[in-house]
Amino acid sequence: MKAAVILLPGLNRDRDMIAALTAVCGTPPLTVWQTETSIPDDIDLIVVPGGFSYGDYLRCGAIAARMPVMQAVRAKAEKGVRVIGVCNGFQILLECGLLPGALMRNASLKFVCREVLLEVTNAQTAFTRSYSQGQIIRCPVAHHDGNYFADPQTLAALENNDQVAFRYARGTNPNGSINDIAGIVNKQGNVLGMMPHPENLIEAAHGGVDGRGLFESALGVVSA
Amino acid sequence: MIKARVTVTLKNGVLDPQGKAIGHALDGLGFSGVGLVRQGKVFDIELETSDRAAAEAELKAMSEKLLANTVIEDFSVEVI
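In the order they appear, the protein sequences are chains C and W. Counting in the working numbering, the first sequence tops out at residue 626, every number present. Counting in the working numbering, the second sequence tops out at residue 83, every number present.
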C-alpha cells in the first residue's frame, strides 16, 4: 500500500504525517504539491495534514480547498481511494464538500493544545478496524476552530449511518463539538476527517502508540 | 466600474461564540440593553463592468463558490 501527503503553503504538520506514514508503511509517502492536477494511480491512501493553510484567511481551509490538487483528491475519493484529513486537513475536506458539516471557532474561543480521550464510535470503518468498538484511545489536539457543527438533518444522517468514527470521551470535548464529534467518515466510508492528531502517537518515543492503529487500518498493515 | 458589497452572516441557529463574547464585552463596557450579537464579514469588491445585472449574478456565484460557506453562512449582494 502506498500513501501520498498533500502539501499546501501554511501547513505545518506535514512532516509529522510523513514520519508517521513512513513508520507504518516502511517507505516514505509521495508528497504532492498544491498545483498538481493529478495523483498517481498507485496511491491507495491520500492524507491532507494539519496546519494553517493560507494563514486561515477567509475561513480555515477555504482557500486550500479551491486549489487544483484538491480537485485531484476529489476525483480519487470518488473512485473509492481512501482519504484522511487531520485538523486543518479536516477543515479542507469539509470546505471541499467531501465531508458534511463545518468546523466553527472553539466554544471557549481559545486555542486548545492538549491531550484528549477518543472513543472509537464505529470500529467497522476502513480507518478504525484495528481498534475495538468503544475502545478509548489517547490523542493530542491543537486547534482554534474545531467546533464541529452540522444542521439537524445532516447530524441525524451521520448518526443513523454510523458515520461518526470518533467521539471525545469522558468529558474531554475540547471545543464544543456537537454530539462530542471528533471524527467522521463520508457515506461511502472512504474519506475520514478528524480534528485530533493520531500521527503524533505512533511510536514509544511519542509516549504512546494509540494513533498507529488508524494508519494500520487505512493501509491494511497488520501490527507487528 | 461597479462597486459592490457582499455581506456574509451566520445562519440562524448556528452558534456564534465570537458574537456572544462581543455581546458580553459590550455589557462589560456599560452598554445596557444589548441583545443578541452576531459577527459577520463584509467584502467590498470592484468589478470591471457596467452591467449591473451581470455583476450581481457574478457576485452571487463568487459568494456561493468562495466567499460564504453555505453550510453555515448566508450572504447578501449589494451593488453600490
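The hints are simulated quantities; they were obtained by calculation from the structure and are not laboratory data. This one's a predicted model, so the numbers in the text were calculated from it and none came from an experiment. Some clues are possibly wrong.
Unchecked claim - Facing chain W, from chain C, some residues (calculated, C-beta under 7 Å):
no., residue
1, R461
2, L511
3, K512
For glycine and all other residues, C-beta sits at the position ideal for the given N, C-alpha and C.
Provide an ascending list of the numbers of those earlier hints which the structure does not satisfy. Failing hint: just 3.
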